[in-house]
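So the sequences go chain by chain: A and B.
Letter by letter, the first sequence follows residues 6 to 257 of the working numbering.
Letter by letter, the second sequence follows residues 6 to 257 of the working numbering.
There could be a bad hint or two in this list.
Unchecked claim - Using C-beta positions, here's what the derived DEER-type ranges look like:
hint	chain 1	residue 1	chain 2	residue 2	range
1	B	145	A	200	42 to 52 Å
2	A	178	B	215	38 to 48 Å
3	B	61	A	66	51 to 61 Å
4	A	48	B	67	26 to 36 Å
5	B	74	A	182	51 to 61 Å
6	B	15	A	48	52 to 62 Å
7	A	103	B	15	53 to 63 Å
8	B	54	A	200	35 to 45 Å
9	A	198	B	217	30 to 40 Å
10	A	204	B	215	48 to 58 Å
11	B	73	A	174	27 to 37 Å
12	A	26	B	107	24 to 34 Å
13	B	11	A	72	56 to 66 Å
14	A	44	B	225	26 to 36 Å
Hints are computed from structural coordinates only; laboratory data are not their basis.
We treat Cβ as the ideally placed atom computed from N, Cα and C, and that holds for glycine.
Protein chains: 2
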Amino acid sequence: MEKINSPKNDHIKLAKKLTVKKYQKDYDRYLLEGPHLVHEALNAGVEPDVIYITDKYENDRELRPFYNKLVMVSKDVAEHLSATPTPQGMFAVLPLPHNSLPQPLAGSFLLLDAIQDPGNVGTLVRTADAAGVGTVVLGKQTADAFSPKVLRAMQGSQFHINVVSEDLNKLTGQLQRAGVPVYGTELNDRAKSYSAIAKTDQFALIMGNEGNGMRPELLAKTDVNVYIPMRGRAESLNVGVAAGVVLFHLLG
Amino acid sequence: MEKINSPKNDHIKLAKKLTVKKYQKDYDRYLLEGPHLVHEALNAGVEPDVIYITDKYENDRELRPFYNKLVMVSKDVAEHLSATPTPQGMFAVLPLPHNSLPQPLAGSFLLLDAIQDPGNVGTLVRTADAAGVGTVVLGKQTADAFSPKVLRAMQGSQFHINVVSEDLNKLTGQLQRAGVPVYGTELNDRAKSYSAIAKTDQFALIMGNEGNGMRPELLAKTDVNVYIPMRGRAESLNVGVAAGVVLFHLLG
Numbered sequence: 006m007e008k009i010n011s012p013k014n015d016h017i018k019l020a021k022k023l024t025v026k027k028y029q030k031d032y033d034r035y036l037l038e039g040p041h042l043v044h045e046a047l048n049a050g051v052e053p054d055v056i057y058i059t060d061k062y063e064n065d066r067e068l069r070p071f072y073n074k075l076v077m078v079s080k081d082v083a084e085h086l087s088a089t090p091t092p093q094g095m096f097a098v099l100p101l102p103h104n105s106l107p108q109p110l111a112g113s114f115l116l117l118d119a120i121q122d123p124g125n126v127g128t129l130v131r132t133a134d135a136a137g138v139g140t141v142v143l144g145k146q147t148a149d150a151f152s153p154k155v156l157r158a159m160q161g162s163q164f165h166i167n168v169v170s171e172d173l174n175k176l177t178g179q180l181q182r183a184g185v186p187v188y189g190t191e192l193n194d195r196a197k198s199y200s201a202i203a204k205t206d207q208f209a210l211i212m213g214n215e216g217n218g219m220r221p222e223l224l225a226k227t228d229v230n231v232y233i234p235m236r237g238r239a240e241s242l243n244v245g246v247a248a249g250v251v252l253f254h255l256l257g
Numbered sequence: 006m007e008k009i010n011s012p013k014n015d016h017i018k019l020a021k022k023l024t025v026k027k028y029q030k031d032y033d034r035y036l037l038e039g040p041h042l043v044h045e046a047l048n049a050g051v052e053p054d055v056i057y058i059t060d061k062y063e064n065d066r067e068l069r070p071f072y073n074k075l076v077m078v079s080k081d082v083a084e085h086l087s088a089t090p091t092p093q094g095m096f097a098v099l100p101l102p103h104n105s106l107p108q109p110l111a112g113s114f115l116l117l118d119a120i121q122d123p124g125n126v127g128t129l130v131r132t133a134d135a136a137g138v139g140t141v142v143l144g145k146q147t148a149d150a151f152s153p154k155v156l157r158a159m160q161g162s163q164f165h166i167n168v169v170s171e172d173l174n175k176l177t178g179q180l181q182r183a184g185v186p187v188y189g190t191e192l193n194d195r196a197k198s199y200s201a202i203a204k205t206d207q208f209a210l211i212m213g214n215e216g217n218g219m220r221p222e223l224l225a226k227t228d229v230n231v232y233i234p235m236r237g238r239a240e241s242l243n244v245g246v247a248a249g250v251v252l253f254h255l256l257g
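Construct the entire structure; sequences and hints are all you get.
What follows is the structure in structure tokens.
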């Protein structure tokens, strides 16, 4: 097996760049970290360009069919590639998925409007995946789906669910013309409790920015706004938790 | 107003220590960071020992009743005290709350069994607060409620809801003897879908460790185990999202 001991090796320098959006686009590839996630990718049938492992994973059975893609790296190299202080020692260079909106527009959608925290974006995709949402749409100013922190929180859901990037202003109109109702999330006079909305497989739910909520121009376009009544005294819920409560109600 | 320009000032050195559990216990105090959270503390009637502000907050109206507690600090000092790279410039030294279990044991409880990620612990307390849970119990090996990361994710819920630390093995028995059913969260043969559990104000819901779930000795003591049916392909939900879905169902 090939071995790389220096973080200055050109392949390693490239792999590290593939944690950054600009290079991910240029090379149409991203770097995925961690044995659990790399195994998920392989199980999902994704073809890796290369899998970097430390000696700890030399005898990993799940990697055997990919023996010709394995490259051993030193602890130094693993630390250089890792986004965490204590890397587990497995990384894969994978093709970016080329997803697109379903045509015709139908089914369930989770729309993320300027969700900035990568952990929240990852948790939202994971939650949508668990609830059975069809497509997650990342609007402008939403954290990129393939950054290391989003990938970690997403827990491999990018292999299960359609994740696309679109202009949400344009998309909400298209969805409505296609007969998919658009649900905003904002507490205002005309908002309805989520539990008063009938269970359905056809909807687009918009979650807004953690601090500021949905942008007003988007809010103005929604068919209904839903809120989660709070029995306690917290002012709000974490955006991932809020999406979970509403999605499991709608699709449950 | 007193001014402190050096991170080496003794008061500042003490304030910094009050982000660490050991010193928090010794001094019976903790350091809270951020204008939003400090305002929440003051609104909740908590008496600060001192409020450190940068000049940005010199004219903050909400701080006026506490003018005799204000100390101006330099940007350097704010950066030293802060747990974030870009501090907003407001900190308060507050007394630790002295909470205890309700007597007699009654109402709703969220029990955290070895939840290790501080962001998850904070989100769980915030979610319990929003849902109207009475008491959150932190078991052994659960992240401490007053660490900077937990405080940030908790969003001030420590001022609204009873948060205590207890041995969960002992507590589950006490709850059951008091007539409070204990719900575990684990997918096994006898587990029930959460939506099949009747809405109720009397329960203790246990959430287990992010990777390993509940400890078997605790799981063995539960009255019922609940699970969240997944329509999608995600293996699991984030622990905060899962708690939100179940709690808003039970208390909704």
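Cross-check of the supplied hints:
1. 145(B) / 200(A): 42 to 52 Å: violated, 36 Å
2. 178(A) / 215(B): 38 to 48 Å: Given range 38 to 48 Å: holds, Cβ gap about 40 Å.
3. 61(B) / 66(A): 51 to 61 Å: holds, 57 Å
4. 48(A) / 67(B): 26 to 36 Å: violated, 53 Å
5. 74(B) / 182(A): 51 to 61 Å: Roughly 58 Å apart at Cβ, these two residues keep to the hinted range, so it holds.
6. 15(B) / 48(A): 52 to 62 Å: The hint (52 to 62 Å, Cβ to Cβ) holds, given that residue 15(B) and residue 48(A) are roughly 57 Å apart.
7. 103(A) / 15(B): 53 to 63 Å: At 60 Å between Cβs, range holds.
8. 54(B) / 200(A): 35 to 45 Å: holds, 44 Å
9. 198(A) / 217(B): 30 to 40 Å: holds, 36 Å
10. 204(A) / 215(B): 48 to 58 Å: violated, 29 Å
11. 73(B) / 174(A): 27 to 37 Å: violated, 51 Å
12. 26(A) / 107(B): 24 to 34 Å: violated, 50 Å
13. 11(B) / 72(A): 56 to 66 Å: holds, 59 Å
14. 44(A) / 225(B): 26 to 36 Å: About 31 Å separates the Cβ atoms of residue 44(A) and residue 225(B), which means 26 to 36 Å holds.
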